[in-house]
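As given, the protein sequences belong to chains A and B, one line each in that order. Going left to right, the first sequence walks through residues 1 to 162 as UniProt numbering numbers them. Going left to right, the second sequence walks through residues 1 to 784 as UniProt numbering numbers them.
Do not take every clue at face value.
Claimed, not checked - From the structure, some residues in chain B lie toward chain A, with a derived Cβ separation under 10 Å:
1. L31
2. E198
3. D280
4. T488
5. D523
6. K524
7. Y608
8. G716
Treat the hints as calculated values from the structure; they're not laboratory data. C-beta atoms are modelled at their ideal positions from N, C-alpha and C, and glycine is treated no differently.
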Amino acid sequence: MKTEITLTINGEAVQEAVTPRTSLADLLRDNLRLTGTHLGCEMGSCGACLVMLDGAPVHACLVLAVQASGHTVKTVEGLNESGEIADLQQNFYERNALQCGFCTSGMMMSAQALLAANPGPTRDEIRDALSGNYCRCTGYEAIIDAISATAAQRMTNAGEAQ
Amino acid sequence: MTSEKAHIGQSYRRESALRHLSGRGQFVTDLALPRMLHAAFVRSPMARGKIVELGVDDAAGSPGVVRVFTAETLNGKCEPWIGTLDHFANMQSSTQNMLADGEVLWVGHPVVMIVAHSRAEAEDACELVMMDIEDDMAVVDGNAALMADSPLASSGISSNMCFQTVLETPDLESAFAQAAHVVEGNFNFGRHTAVTLEPRAIIADFDRSTGQLNVHHGTQTPYQFQDVYARHFGLSEGKVRVIAPDVGGSFGMKLHVYNEEMATVAASLTIGRPVRFVADRLESFVSDIHARDHRVSARMALDADGTIVAMDVDDMTQIGAFSTYPRTSVAEGNQVIRLMGAPYRMPDYRGRLSVVFQNKVQTSQYRAVGHPIACAVTEALVEYAAEKLELDPFEIRQRNLIADDAYPHTSATGYQFEKLSHQASLEKLRALMRYDTLRDEQATLRKQGVYRGIGIATFVEITNPGATFYGVGGARISAQDGAVVRLTPAGDVHCAISVTEQGQGTETIIAQVVADQLGVTPDKVKVVTGDTDTTPSGGATWACRGAGIGGETALRAGRKLQAQILTLAGEILQADPTHLKLANGAVVDATTGNERITLAEIGRIATYRPDTLPNGCDNSLTAAQHFAPSGYPFDFTNGVQASYVEVDIETGITRLLKHWVVEDCGRIINPLLVDEQIRGGVVQGLGPAFFEECLYDDIGQMTNATLAEYLVPMAGEMPDIEIAHIETPTLDTILGAKGVGEAGTAAAGAAAMNAVNDALRPLGARISQTPMTPLRILKALGHV
């Protein structure tokens with residue numbers, strides 16, 4: 001038994017028929033082939049599947065697709081194309097803040113949410129904000145550095161804009 | 001840039017990182033093939049039992065199900081495997097096949113395979129399988145497993161001892177008899193697991209029309225699996241292609257043969273459609289290899305001035321019901337007993353190893369195989385000795401480290417060291433961490449009731465292994481690598497190489513090495529890895545061989561192509577090739593550096609106008625090169641780490657304040673990537689030191705097999721890590737690079753344990769078990 005849902009994903013209207021148990025992550029990855037959202041634990045522990053739901057990060061593995069009906073979702077593909085995380089991406093690249101790349105889109109979701117709420121976080125605050133993002137490769141320091149550099153640049157740019 | 005070494009040694013960024021940052025990774029888990037089916041497994045709920053009856057009719061009729069396999073219907077398709085190697089004398093392990101046949105041997109042992117249109121439908125059908133298993137007494141504890149009345153962990157073994165060995169120098173007993181001081185300890189190193197963020201993933205795609213098997217496999221060793229699939233399924237190697245695209249972490253875990261991967265291949269061979277298996281996190285915990293699980297009793301003899309004269313070590317390690325294939329579960333313990341005391345002049349040694357079967361998940365090679373255990377035991381005993389002799393931790397190490405001018409050196413366990421830099425590394429660490437200031441700070445805070453500790457750990461790491469590692473034991477595991485480098489018609493460079501990429505930056509450093517040989521920038525070098533059809537055969541990535549062996553292969557291939565280009569340029573220019581060289585994307589005059597002809601022009605002429613070349617001129621612009629390490633059996637690296645911690649003696653919680661590493665991996669190809677390998681490695685060593693442990697109850701049930709209960713190191717708990725280097729290139733190769741991937745993991749836990757014990761010392765407490773959980777620290781303090 002499938003349910004019709006309509007939602008906005010990365011600025012595009014999407015209409016899909018899904019089973020009630022289909023997660024938002026499976027809708028994104030399997031139905032829509034937005035494979036930049038990854039699945040690491042399917043229980044909300046690892047943060048690999050974080051996406052923006054109405055502007056706030058959620059675990060796509062814990063949200064049912066039907067719950068997202070009528071809402072707005074942004075994935076790494078959308079944030080990439082809109083350019084809104086270009087500075088974050090550049091700093092991750094420069095600082096080598098990723099190795100295998102599996103945690104990276106989730107890391108950027110947490111970073112983006114943190115910087116929206118707290119534009120000048122301390123290193124400890126950044127570490128706290130990533131408490132739900134598991135990375136096995138980097139040891140985290142490079143990720144903290146990249147987010148910290150992005151925060152500093154955004155603060156400078158905001159200062160210049162005023 | 002015209003310097004011959006312009007690109008080696010620089011921190012080039014990784015092009016593949018840009019794909020990942022854009023959400024354009026290409027993992028096996030992302031791949032969907034036409035008509036693809038999905039596999040799920042019914043697993044044993046108990047550690048040991050007899051299969052009385054399997055009822056699969058309801059499952060077979062479940063919506064979406066295409067096939068249901070049991071041992072009876074699947075195992076015949078696969079030549080069984082045995083995880084033994086000849087150079088581990090008298091080792092034993094039972095024969096394995098894909099699905100449990102007659103007996104189940106660990107919780108998680110696959111019994112029934114269901115193939116359906118979706119994973120969800122396959123899982124639904126798993127619920128309908130009727131499985132009647134008669135519970136048998138499980139072998140859970142390794143010491144109990146060695147008792148005469150213990151049941152056997154599987155029916156195919158004569159005892160629960162998989163392998164036993166002893167290394168002993170002739171004067172061991174007298175060294176201890178005459179020693180002024182003996183310190184000793186019993187150590188317990190918990191069982192943990194890799195927890196790669198991308199779980200194990202495979203899609204097997206057999207095309208009956210051509211007999212071609214393509215396997216998309218998240219692994220670090222595609223050629224090894226090409227060989228395994230060809231031999232075990234009776235296919236010719238040329239009809240087996242293994243493709244490893246982006247791999248979401250491997251760390252040794254994804255190079256072992258697993259029941260589920262073999263079953264997925266067998267299912268595709270049977271059905272003739274692509275079959276996908278991706279482990280979910282719960283299955284990962286009960287089917288990915290586990291690691292470590294050692295009980296070590298050890299003692300160290302010293303003379304009156306604190307010179308280490310001998311160590312005597314007994315390691316009992318518990319490996320599950322089988323030894324893994326094709327690398328065995330013995331290599332870990334073997335390296336534990338051979339790496340003991342490795343940084344020190346220590347002349348005498350005895351190491352005993354017992355590798356024991358039990359009914360748990362198999363353990364096997366995982367990042368820094370054996371190193372963390374050997375390092376933690378050695379460095380703890382050095383610390384105990386320093387305490388006993390009232391020597392500073394730096395002082396006792398200075399007295400005992402192999403001197404930097406005393407190479408070559410052979411260790412008491414038989415390892416040959418070409419040249420290491422322990423003394424210089426120790427000195428550098430002392431300055432890097434501002435040791436004296438830190439001690440002052442520690443003393444001041446202690447007066448205020450704050451218990452901070454400083455721990456040091458020196459280490460030796462095995463890298464660049466030759467064929468003595470596995471090949472001599474009969475394993476079809478390549479110690480050599482291969483590269484094909486070509487100049488494209490437009491004058492770009494393409495390099496296909498057998499070493500593989502899991503995010504460490506293999507492709508980037510290979511591009512740097514090749515670029516330097518051909519006078520181009522690394523962005524002009526496209527590097528292709530991870531596909532047995534498009535790259536030459538080789539060992540790929542394990543045991544820290546990518547930079548040292550892969551890099552040397554690329555260097556030699558690049559030089560071969562350089563010679564071809566210069567010869568061809570000589571023909572075109574009517575010049576002596578020895579008066580030409582490559583720089584700035586062109587052939588230049590070797591003396592003046594003036595451009596003579598661009599690489600693009602050479603590519604154009606050789607490709608589109610070979611008719612204009614002199615008669616008989618070879619227009620080949622492709623060079624193939626293989627390289628196998630020779631000289632020393634391994635290129636050892638060395639280093640030293642320090643950990644600074646604060647222990648809350650009321651709660652037992654340890655806060656990691658800072659970590660330092662001085663490391664010598666020989667020639668550094670890319671400083672940024674080397675440092676990030678070390679940082680990641682350190683955290684992978686700190687995880688099991690404080691958090692990670694696969695907990696089992698007394699009937700062999702893993703009790704924390706979820707990512708909510710199994711604790712991994714997260715950003716909030718991990719320290720910043722400061723790194724410095726000494727560079728002692730190996731003279732075995734032109735490149736001089738050694739490995740670095742395991743250095744961080746090798747000694748981080750040892751340094752941390754010493755730091756915790758340094759914090760606890762004024763309270764008379766000591767811990768010698770990992771992970772050092774708050775409860776265990778409180779127990780050490782006598783608070784609980």
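Structure-based check of each hint:
1. L31: Holds: closest Cβ of chain A sits about 9 Å from L31 of chain B, inside 10 Å.
2. E198: holds, 5 Å
3. D280: Since chain A brings a Cβ to about 6 Å from D280 of chain B, closer than 10 Å, the hint holds.
4. T488: violated, 26 Å
5. D523: violated, 14 Å
6. K524: violated, 19 Å
7. Y608: Not OK, violated: Y608 of chain B not within 10 Å of chain A, min 37 Å.
8. G716: OK, holds: G716 of chain B within 10 Å of chain A, min 5 Å.
Comparing the model with each earlier hint shows violations of hints 4, 5, 6, 7; every other hint is respected.
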